[in-house]
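Engineer: Single-letter residue listing:
2 protein chains.
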Amino acid sequence: MRVLLVGAGGVGTAITRIAARRSFFDHMVVTDYDLSRAEAAVAALGGEETRFTALRIDASDRAAVTALLTEQRCDILVNATDPRFVMPLFEAALAAGADYLDMAMSLSSPHPERPYEQCGVKLGDRQFERAAAWEEAGRLALVGVGVEPGLSDVFARYAADELFDEIEEIGVRDGANLTVEGYDFAPSFSIWTTIEECLNPPVVWERDRGWFTTAPFSEPEVFDFPEGIGPVACVNVEHEEVLLIPRWVESRRVTFKYGLGDEFIETLKTLHSLGLDRTDKVTVPGGEVSPRDVVAACLPDPASLGALMRGKTCAGTRVTGTKDGAPRDVYLYHVVDNQWSMREYGTQAVVWQTAINPVIALELVASGVWSGAGVLGAEALAPRPFLDLLVAYGSPWGLREQ
Amino acid sequence: MRVLLVGAGGVGTAITRIAARRSFFDHMVVTDYDLSRAEAAVAALGGEETRFTALRIDASDRAAVTALLTEQRCDILVNATDPRFVMPLFEAALAAGADYLDMAMSLSSPHPERPYEQCGVKLGDRQFERAAAWEEAGRLALVGVGVEPGLSDVFARYAADELFDEIEEIGVRDGANLTVEGYDFAPSFSIWTTIEECLNPPVVWERDRGWFTTAPFSEPEVFDFPEGIGPVACVNVEHEEVLLIPRWVESRRVTFKYGLGDEFIETLKTLHSLGLDRTDKVTVPGGEVSPRDVVAACLPDPASLGALMRGKTCAGTRVTGTKDGAPRDVYLYHVVDNQWSMREYGTQAVVWQTAINPVIALELVASGVWSGAGVLGAEALAPRPFLDLLVAYGSPWGLREQ
Numbered sequence: 018m019r020v021l022l023v024g025a026g027g028v029g030t031a032i033t034r035i036a037a038r039r040s041f042f043d044h045m046v047v048t049d050y051d052l053s054r055a056e057a058a059v060a061a062l063g064g065e066e067t068r069f070t071a072l073r074i075d076a077s078d079r080a081a082v083t084a085l086l087t088e089q090r091c092d093i094l095v096n097a098t099d100p101r102f103v104m105p106l107f108e109a110a111l112a113a114g115a116d117y118l119d120m121a122m123s124l125s126s127p128h129p130e131r132p133y134e135q136c137g138v139k140l141g142d143r144q145f146e147r148a149a150a151w152e153e154a155g156r157l158a159l160v161g162v163g164v165e166p167g168l169s170d171v172f173a174r175y176a177a178d179e180l181f182d183e184i185e186e187i188g189v190r191d192g193a194n195l196t197v198e199g200y201d202f203a204p205s206f207s208i209w210t211t212i213e214e215c216l217n218p219p220v221v222w223e224r225d226r227g228w229f230t231t232a233p234f235s236e237p238e239v240f241d242f243p244e245g246i247g248p249v250a251c252v253n254v255e256h257e258e259v260l261l262i263p264r265w266v267e268s269r270r271v272t273f274k275y276g277l278g279d280e281f282i283e284t285l286k287t288l289h290s291l292g293l294d295r296t297d298k299v300t301v302p303g304g305e306v307s308p309r310d311v312v313a314a315c316l317p318d319p320a321s322l323g324a325l326m327r328g329k330t331c332a333g334t335r336v337t338g339t340k341d342g343a344p345r346d347v348y349l350y351h352v353v354d355n356q357w358s359m360r361e362y363g364t365q366a367v368v369w370q371t372a373i374n375p376v377i378a379l380e381l382v383a384s385g386v387w388s389g390a391g392v393l394g395a396e397a398l399a400p401r402p403f404l405d406l407l408v409a410y411g412s413p414w415g416l417r418e419q
Numbered sequence: 018m019r020v021l022l023v024g025a026g027g028v029g030t031a032i033t034r035i036a037a038r039r040s041f042f043d044h045m046v047v048t049d050y051d052l053s054r055a056e057a058a059v060a061a062l063g064g065e066e067t068r069f070t071a072l073r074i075d076a077s078d079r080a081a082v083t084a085l086l087t088e089q090r091c092d093i094l095v096n097a098t099d100p101r102f103v104m105p106l107f108e109a110a111l112a113a114g115a116d117y118l119d120m121a122m123s124l125s126s127p128h129p130e131r132p133y134e135q136c137g138v139k140l141g142d143r144q145f146e147r148a149a150a151w152e153e154a155g156r157l158a159l160v161g162v163g164v165e166p167g168l169s170d171v172f173a174r175y176a177a178d179e180l181f182d183e184i185e186e187i188g189v190r191d192g193a194n195l196t197v198e199g200y201d202f203a204p205s206f207s208i209w210t211t212i213e214e215c216l217n218p219p220v221v222w223e224r225d226r227g228w229f230t231t232a233p234f235s236e237p238e239v240f241d242f243p244e245g246i247g248p249v250a251c252v253n254v255e256h257e258e259v260l261l262i263p264r265w266v267e268s269r270r271v272t273f274k275y276g277l278g279d280e281f282i283e284t285l286k287t288l289h290s291l292g293l294d295r296t297d298k299v300t301v302p303g304g305e306v307s308p309r310d311v312v313a314a315c316l317p318d319p320a321s322l323g324a325l326m327r328g329k330t331c332a333g334t335r336v337t338g339t340k341d342g343a344p345r346d347v348y349l350y351h352v353v354d355n356q357w358s359m360r361e362y363g364t365q366a367v368v369w370q371t372a373i374n375p376v377i378a379l380e381l382v383a384s385g386v387w388s389g390a391g392v393l394g395a396e397a398l399a400p401r402p403f404l405d406l407l408v409a410y411g412s413p414w415g416l417r418e419q
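Chains as they are written, first to last, in my numbering: chain A, 18 to 419; chain B, 18 to 419.
No wet-lab data here; the hints were simulated from the structure.
Everything hinted at is true.
Below, a list of computed lysine-lysine pairs in the DSSO-like style, where the Cα atoms sit at most 27 angstroms apart:
no.	chain 1	residue 1	chain 2	residue 2
1	B	Lys286	A	Lys298
2	A	Lys298	A	Lys286
3	A	Lys298	A	Lys139
4	A	Lys298	B	Lys298
5	B	Lys298	B	Lys286
6	B	Lys139	B	Lys286
7	B	Lys298	B	Lys139
8	A	Lys286	B	Lys286
9	B	Lys298	A	Lys286
Input sequences plus hints: build the corresponding full structure.
Structural biologist: See the structure below:
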């Protein structure tokens, strides 16, 4: 297998480090808009440079990406860029006759009149509209195969296949107890993206209603995360799992709640009430600028904080329903300790946890265990081999009966 | 009396409207950096234009201001600009042999090593350093004669003269129940200045310690404001009263607490923890900008909100101590209802309440009731004639025995 990796930021770089320890692929072409980032990722691999090449690419240039896939004889494109580049990369792979894998799906836009009740364009809609073309071409587009979406969706399918007869609710729950030494407030993930996720109308799926939206920060709950993380305030957030899981797994309700914690929720609400989440420009002495860019510029770059971070991050899926006539309530989860990921891979926990999953998916595709044609989420494919590889990679998952 | 008014913003314009109904002065020259603002203020006075002239002035150009004072034969300069222009205007008046009046004093700078324990340069220090020159010239600089500082200081002196034998604490307390229709968050006063006031180290005076500072938002208390405003969360804020009152009024302790309310306090803390209160520049797409300017640009202009505001604002001074051997606790206060000030003067309550006090002070100087030489606060002069004029102007004050 020859892989074209597009994007050598935090997640792309972590993908190279995790993949370098596995033998399933022949070559990985590591690309970025900024060639020096791709070169730095490859150089950091030490003796493994022979299976990796660094090249420059503009992810928004569909024709150039198609040409590179062909020229480099790549079997699959792995998209590790930000979601604005999903569509050109997705189309470039199809045009080149390659498979495709991403960790976030094409962007949503809110309903023009009733944003907090009805969906407008949903996450992934633009990709699913093209499913027939992928099926006809006999090529596989694996969408949303990071940790959440991705591993969370594998957990959902595993629960349906092996743990439940009937499922009431599938609720993805993400939480952490990460702190950053020396900072009062330092998000471990891009604040720009976090604002986008958290202030977009959250989406919920119910069997009787289909997909619908709510106001931001709806249905607050305190979820008790495992392995010492403890209780964290969670709220509904727009996320791909809610759009993916109901397509392949039967249940009555699907939600995603993000463990932002009370302080972070209040901070986001304040930014919103002050209009500082806006992306349109305001005029001030010195220029015309987007307030959200200014917020991001005032905070430390999360990619640079790994060494100062302490704590663990947890991704998982809570499933309630019945098994053999009795009620059941389980939380399937995966925890990464930042000190472990920094020591083992030089990568902070949130980024590392995202990156391991596409590498496992690639290995399953390379070995033929995962195969198919069309636009598929991780829950469309066999969960057990995926979960077994997670253990084999040295990062086991857990199951808690509630 | 001929008056040079510098600054035709909210407060300057309100000064012209209040003064226009009084006969104590012969002429007021209304000036602004933006001539159209001065002209608009004068044009709005209707039949009273004969006593008012509009001219352009640059408040930072000391020589030009001195020349204008001489050319226009003005007896007194009234500074209604922002505090950055205190020093050039104060020096210009002295150089021209005119009297001077302002509503905010020369700016502070924090102690370089122990900002939350010790004072650095205090509010008004640069003006008091020049007191001898004013005394020698036989001219009067009345400093901090708005509502707070200003009326609050008159209340303090009145309490010392007529209500107490010994004073324990003089605590200025400012609160409001103003809301702005259609806005979740819309400060009734400049957010730039509010951030400056609230995030600077608050200053406290005690007889045994002199002036010292604390961390922002210290000594929170809930103060019950009169006339239906009710309880509001108040915290220590850096303000001129604490620097002025101990110079002329005996007590054991002087504080200033601002009734920001819990929501506003949390918002300011959030802006600070995100670094959005910073005035140094950050680089973002579109320019190099000061984050605090971006915060201000995202919020509505408070000067434009008068017609949408509802509620009352209260300024006052709480005094505790003893009278005739018995403990006493009084709150001397002044309340303005926004709907009243909009209807009567077309001016929002907070601005109007600031503007009435310098007009009363001018009238007392014109009539010779207030006189002196040097740099004096309102508490250096007789309080009763000031309070009587407040009633005569149609805006009575109140006294609550606690």
